[in-house]
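S.K.: Chain by chain, the residues:
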Amino acid sequence: MDHTVLETASIWLGEGRKVALATVIETWGSAPQPVGSQLVIDGAGHFMGSVSGGCVEGAVVTEALDIIQTGTPKVMSFGVADETAWKVGLACGGKIRVYVEPVS
Amino acid sequence: MKAEILREVIEARAQRRGVAVVTDLDTGAQQIVARGDGFEDAFRFDKSGVVDEKFVAIHNPPLRLIIIGAVHIAQSIIPIAQAANYDVTVIDPRGAFASGARFPDVTLLAEWPQDVLPGLALDARTGFVALTHDPKIDDPALELALKSDVLYIGALGSKKTQASRRERLMAAGFSDEQLARIHGPIGLNIGAVGAPEIAISVMAEMTQCLRLGA
Numbered sequence: 109m110d111h112t113v114l115e116t117a118s119i120w121l122g123e124g125r126k127v128a129l130a131t132v133i134e135t136w137g138s139a140p141q142p143v144g145s146q147l148v149i150d151g152a153g154h155f156m157g158s159v160s161g162g163c164v165e166g167a168v169v170t171e172a173l174d175i176i177q178t179g180t181p182k183v184m185s186f187g188v189a190d191e192t193a194w195k196v197g198l199a200c201g202g203k204i205r206v207y208v209e210p211v212s
Numbered sequence: 003m004k005a006e007i008l009r010e011v012i013e014a015r016a017q018r019r020g021v022a023v024v025t026d027l028d029t030g031a032q033q034i035v036a037r038g039d040g041f042e043d044a045f046r047f048d049k050s051g052v053v054d055e056k057f058v059a060i061h062n063p064p065l066r067l068i069i070i071g072a073v074h075i076a077q078s079i080i081p082i083a084q085a086a087n088y089d090v091t092v093i094d095p096r097g098a099f100a101s102g103a104r105f106p107d108v109t110l111l112a113e114w115p116q117d118v119l120p121g122l123a124l125d126a127r128t129g130f131v132a133l134t135h136d137p138k139i140d141d142p143a144l145e146l147a148l149k150s151d152v153l154y155i156g157a158l159g160s161k162k163t164q165a166s167r168r169e170r171l172m173a174a175g176f177s178d179e180q181l182a183r184i185h186g187p188i189g190l191n192i193g194a195v196g197a198p199e200i201a202i203s204v205m206a207e208m209t210q211c212l213r214l215g216a
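Line order of the protein sequences matches chains A and B.
Everything in the first sequence is counted per this note's numbering, starting at 109 for the first residue and increasing by one.
Everything in the second sequence is counted per this note's numbering, starting at 3 for the first residue and increasing by one.
None of these hints come from the bench; they were simulated from the model.
Built from N, CA and C at the ideal position, the CB exists for glycine as well.
Each hint should be verified, as a subset may be incorrect.
Stretch-level coverage of chain B by chain A, calculated; a stretch enters the list once three of its residues show a Cβ under 8 Å from a Cβ in chain A [to be verified]:
{"#": "1", "region": "6-14"}
{"#": "2", "region": "40-52"}
{"#": "3", "region": "85-99"}
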């Protein structure tokens, strides 16, 4: 697990920011980031860390902003069957599940 | 994730304690499980994953490498170990070897190993190599490593050096089974020539122990 991300989450919380955490929980095929990779997102859409090679982050950040509002965690899946998978950097046949949760 | 759980995970890492955060993916409920209270293989191989729609996130302490001997090969091992995320500590009581100019980017202890190793909490996230060729320095260090559960023990030296070391350690009371933990001659046999290639073979062997438990 990448601890810079958790430490950032802790610092941001301490600064009074709203925070969500996204974690790669499962991968199939050649996913770009291993299980346990994390992204921390604040209420303004700032983020740090990585859950994929690139644009999955965009979708995850958007979802995280909702989750910060609702407080309800969610599992997101991204797969190669999805046309966007190519664009989001899962071109090698990867598939990932990402758990997005509020930190409070 | 509750802020308390986040705090506990960060604190555990600073104190070199392994913890798992288990998340029920349906309800979001989370709990902390300490190393020793379950998920033994997951901790051992540093492998987070989903089991029965529960995500087990393994948070192990950072990897650490302890090098006995501020020698030439150590200088080649250090950058590879650091690239693989090991925090490196070099121990050598000989001040001429253990100079900050030769080892700028590591924790450098110009002390006898037996004086400082007990304070370093040798654990399952620590690799250990003895590189001095000098029994006065290597042997006491190896004895402490053998009594710990470090992930890897390597000792530099030819087959002949290994045989005489083995006799000394047997005389000190260690069993065959215990001594089998020492990798010596050190490193995977890849026909390494020179310090940089030996360093690659050592770090490859350490990685094998870390990831496959070999």
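S.K.: Three residues minimum, CB to CB under 8 Å: does the region 40-52 of chain B make the cut for coverage by chain A? Let me know.
M.R.: Answer holds; 4 residues pass the 8 Å Cβ test.
S.K.: Establish whether the coverage given for the region 85-99 of chain B by chain A is satisfied; the threshold is a Cβ-Cβ distance below 8 Å, and no fewer than three residues must meet it.
M.R.: violated (count 0)
S.K.: Would you check chain A against the region 6-14 of chain B, counting CB to CB pairs closer than 8 Å, and say if three or more residues qualify?
M.R.: With 4 residues close enough to chain A, the hint holds.
Violation of the numbered hints given earlier is confined to hint 3; every other hint is satisfied by the structure.
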